[in-house]
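Asker: Spelled out from the first residue to the last, the chains are:
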Amino acid sequence: MKLKTVVLSTAFAIVLPAHAQTEIQWWHAMGGALGEWVNDLAKEFNASQSEYKVVPTFKGSYDETLTSGIAAFRAGNAPHILQVFEVGTANMMASKGAIVPVAQVMKDAGQKFDPSIYVPAVAGYYTAPNGQMLSFPFNSSTPVFHYNKDAFKAAGLDPEKPPLTWPEVTLAAAKLKASGHKCPFTTTYVGWTQLESFSAWHNVEFATKRNGFGGLDTRLAFNTPLHVRHIENLANMAKQGLFVYKGRGNTADATFVSGECAMATATSALYGNIKRNAKFASGISTLPYYPDVPGAPQNTVIGGASLWVLSGKKPAEYKGVAAFFAYLSKPEVAAASHQRTGYLPVTLPSFQLTDKSGFYKQNAGTDVSVTQMIRKTTDKSRGIRLGNFLQIRTVVDEEMEQVWGGKKSAKEGLDDAVKRGNEYLERFEKANKS
Amino acid sequence: MVERRPALALLSHLVLILGVLIVAFPVYVTFVASTQTAQEIAQSRPLSLVPGDNMVETYSRALFGGKGEFGSTKAPVGRMLWISLVMAITIAVGKIAISLLSAFAIVYFRFPFRSLVFWMVFITLMLPVEVRIYPTYQVVSDFGLLNTYAGLTVPLIASATATFLFRQFFLGVPDELVEAARIDGAGPMRFFKDVLVPLSSTSSAALCVNQFIYGWNQYLWPLLVTTTDDMAPVVMGIKRMVAGESYTEWNVVMATAMLAMIPPALVVLLMQRWFVKGLVDAEK
Amino acid sequence: MAVEKRVRFKSWWLPWVLIAPQMAIVLAFFFWPAGQAVYQSVLQQDAFGTSTVFVGLENFERLVNDASYLESFWTTAFFSVAVAACGLSIALLLAVMADRIVRGAMVYKTLLIWPYAVAPAVAGVLWLFMFAPSVGIVSFTLQQLGLEWNHLLNEKHAMALIVMAAVWKQISYNFLFFLAGLQSIPKSLIEAAAIDGAGPWRRFWTIVFPLLSPVTFFLLVINIVYAFFETFAIVDTATQGGPGKETVILVYKVYYDGFKALDLGGSAAQSVVLMAIVIVLTVIQFRYVERKVQY
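Residue numbers (this note's numbering), protein chains in the order written: chain A, 1 to 434; chain B, 435 to 718; chain C, 719 to 1013.
In case anyone wonders, no lab produced these hints; they're calculated from the structure. Possibly wrong hints are sitting among the right ones.
[Stated by the list, open to error] Chain B is nowhere near these chain C residues, computed Cβ spacing over 12 Å in every case:
hint, residue
1, I743
2, F778
3, E779
4, V799
5, E948
6, G976
[Claimed, not checked] Beta-carbon label-pair distances, calculated as ranges:
hint, chain 1, residue 1, chain 2, residue 2, range
7, B, V484, A, K153, 46 to 54 Å
8, A, R340, B, V490, 25 to 33 Å
9, C, V1001, A, A128, 36 to 44 Å
No residue lacks a Cβ here, since even glycine has one placed at the ideal position from N, Cα and C.
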């Protein structure tokens, strides 16, 4: 019996053609613990089937990864999958010959693909107005409101009652300052938190033409009276020492974790860092809003990155990419990723799975980011699609720094930012007329 | 020194100590950070100046990999150190060799386009690599040198600092030496080998240190040119640990940075001997 | 080149052979790619190169019309002069002192050269650690002394920060070469002068400094080139050009536009301008300053 099996299987092995594994190159910007997550995902996918092998390679920061991808593409040896940050979306789309929309990849490969299972506020950012998903939402976060419960107690504030509106934030900051706190409130990514997400949260446009989804002739619109009012509030807080500017990008993250600043609007993904390193009890709440604005709070805008598929590869390889994306969308896999990293769950089933498992109860505050996003989006809150977006963010940083430093009024700063930013949009429109 | 002036000697020491404090202070901060735990670094305000007691654990984790504090495994640094070593030595030796020859030709011969050649070499300093990175990548790719030691090193040998320095040095070499060599019947290459090269040993030593460190510290170019994780040099590895978006174990990063500084430091120590030796030879 | 050696060798083929290796590498790995990069200044391309439009001098026109670009010329000039002047003088002082003393020379030399080995990747982060407003050690100390340090919103502080970071990196480099230069000066010359009764100050200016001038010239040129071309990483880590645009130096804009914003045409145009400026500067140095150098 045994001998027969051996002979038969050997015969089969000789007769059947040797099946080489198709390699899928995946270039990403996830370092540290996130890099481990990426490697584990690839490992598990590879172990679950034998036709394809996903090979992830760390290529530095988001800029560096993009540069590597571009250099490789121009030289004719691009990877299959490239991780690109969210502000690069419009620029990626404009490189029509370089990318293949994800929806197309799935369709060509015959993969079951239902766009409706993806969380609207997450996938909407990466979807064309006609509903075609362009890139695969991989790691998305959203701004939330972190606050230091111990500092609250010391200032006479109720640690279980975080300020929900901006007027309340100002009051809380004043109390914190009165109790001796040097940095009551700070923020990261000024553009992302105080203008982009601010707009979506209040259901107003950040840019015309539905924030750019409606056409290349979109222009910036964040200098309305509401926006001016908000920035003026922040500027006044800055003058009184209630709001302390701690730098561009995410440099302010460390100031919250170290306890220096008591309240911070920062990414939801900061949660892991806080849990491990902070010496104080901390809480998470929703982004503050102005209660007198109709439609607030709506939903916030995502940050993070997505996976783009580059062109010029063989159909068999694209089949592997499709299979990998399908794997990543499985409820168990997406739920595990969400719980492990603090990034938003990519699909609705994965959110429900996490909820049912009691994860949110055990890890207080981790559901805030999700509830901010699991809503039906409106035309004004689906996301932002602007060309040269990175430069526009830098312009915002520069102008707002002038405002915090007292050199410009809020209105001047916003008007100048809009004017300068629009130049970039005009240039993008001109360059992509076809 | 020539005469003993204790006041001047004391002043010299003071100035040097101050200089060392300023210049070496950031390195000290790195060291302190590498001896603490990640929490201590995140929580301390300001960062403490006294070393912590987590040194052994942090360094062994940096060197040998293993489970990180928070469920992440770090790749061992050994392979990366080896790659960096090969890169740095190749670049240093290659550059010095090529530049000695070029500077010799430019200074001691008269040939058409001599000035142009010097300026062509010199201009390589004026276009940072980031600006020409896509076409350079393409050239390397066309030559089939991606992900190889050659691809990592050869494009970096193109620059001009060494040629310029040797040109300066050769111009300062007394003419009598050339006359003497001529009288002895030595040809240009004999002169080069027996007189110029030994004389330029201090400059070569300085350049060796400088180029070794330059090659050692390369980050962007290796990032592009390597396509598999096992060809990454050490500085790339350090960056890899700085996650950016999420959690960074700063203590391990700092420990790796300290380890990454050891080979250059050794080179500096070794070169000190050459400095002295060159000086002694010049006295003859 | 104005400087010529009186004595030379005669051979019509040997020099070509000698320069061949360097020229081969320079042509293949510098001029060919650089030519293509510079060509991009008259194009408008998307990042991946899938669509290319020839736009003539439009990228250059845009630069001329940009007020903030013209302002960054001043910022760069100030920055480069500050970095070169401070870097050279401090390093020279340290090198002279290190050359003088007998005891502990090795220790000082190692400690002063060593920081050069700190990779830029880590150096930038270290500086942030030290200077982060209110958290960093240095800013904390300054605060205790009563000086408010805020390089995030105060442009003078921001400029001071990047100058300091840039100079710090260069001190070790300059020190190394000054020391090499000092140690190749024959002791006999100095002894002779001492016997003649010249004090150390006099000896330095009449003998040491002139003999050091080839190295000084080398370092001057290299430091200026460094300040113009290699300091964008420091700006990127420390201030990102802020507050506002107060610390945007020319090369940072080149790097930002080409690398982050992926405006390759604009970045290439700026590189051309920057290269032109530095070539002019360098020619001036070779023509006028080198006359003073004694070989």
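Asker: Should the label of V799 of chain C as a non-interface residue stand, given a Cβ cut-off of 12 Å to chain B?
Answerer: Its Cβ never comes within 12 Å of chain B, the nearest being 18 Å, so this holds.
Asker: Check the non-interface label on G976 of chain C: least C-beta distance to chain B beyond 12 Å or not.
Answerer: About 6 Å separates G976 of chain C from the closest Cβ of chain B, which leaves it inside 12 Å; violated.
Asker: Hey, is E779 of chain C genuinely clear of chain B, shortest beta carbon separation above 12 Å?
Answerer: Correct as stated: the minimum Cβ-Cβ distance to chain B is 20 Å, above 12 Å.
Asker: Does the beta carbon distance between R340 of chain A and V490 of chain B stay inside 25 to 33 Å, or does it fall outside?
Answerer: holds (29 Å)
Asker: The output says E948 of chain C does not contact chain B. Does that hold with a beta carbon cutoff of 12 Å?
Answerer: violated (7 Å)
Asker: Do V484 of chain B and K153 of chain A keep their Cβ atoms within the hinted range of 46 to 54 Å?
Answerer: This hint is violated: roughly 31 Å between Cβ atoms.
Asker: Is the hinted range of 36 to 44 Å satisfied by the C-beta distance from V1001 of chain C to A128 of chain A?
Answerer: violated (53 Å)
Asker: Report holds if the minimum CB distance from I743 of chain C to chain B is greater than 12 Å, and violated otherwise.
Answerer: violated (5 Å)
Asker: Does F778 of chain C sit more than 12 Å from chain B, CB to CB?
Answerer: Since the minimum Cβ distance to chain B is about 16 Å, F778 of chain C lies beyond 12 Å and the statement holds.
Checked against the numbered hints given earlier, the structure breaks hints 1, 5, 6, 7 and 9 and satisfies all the rest.
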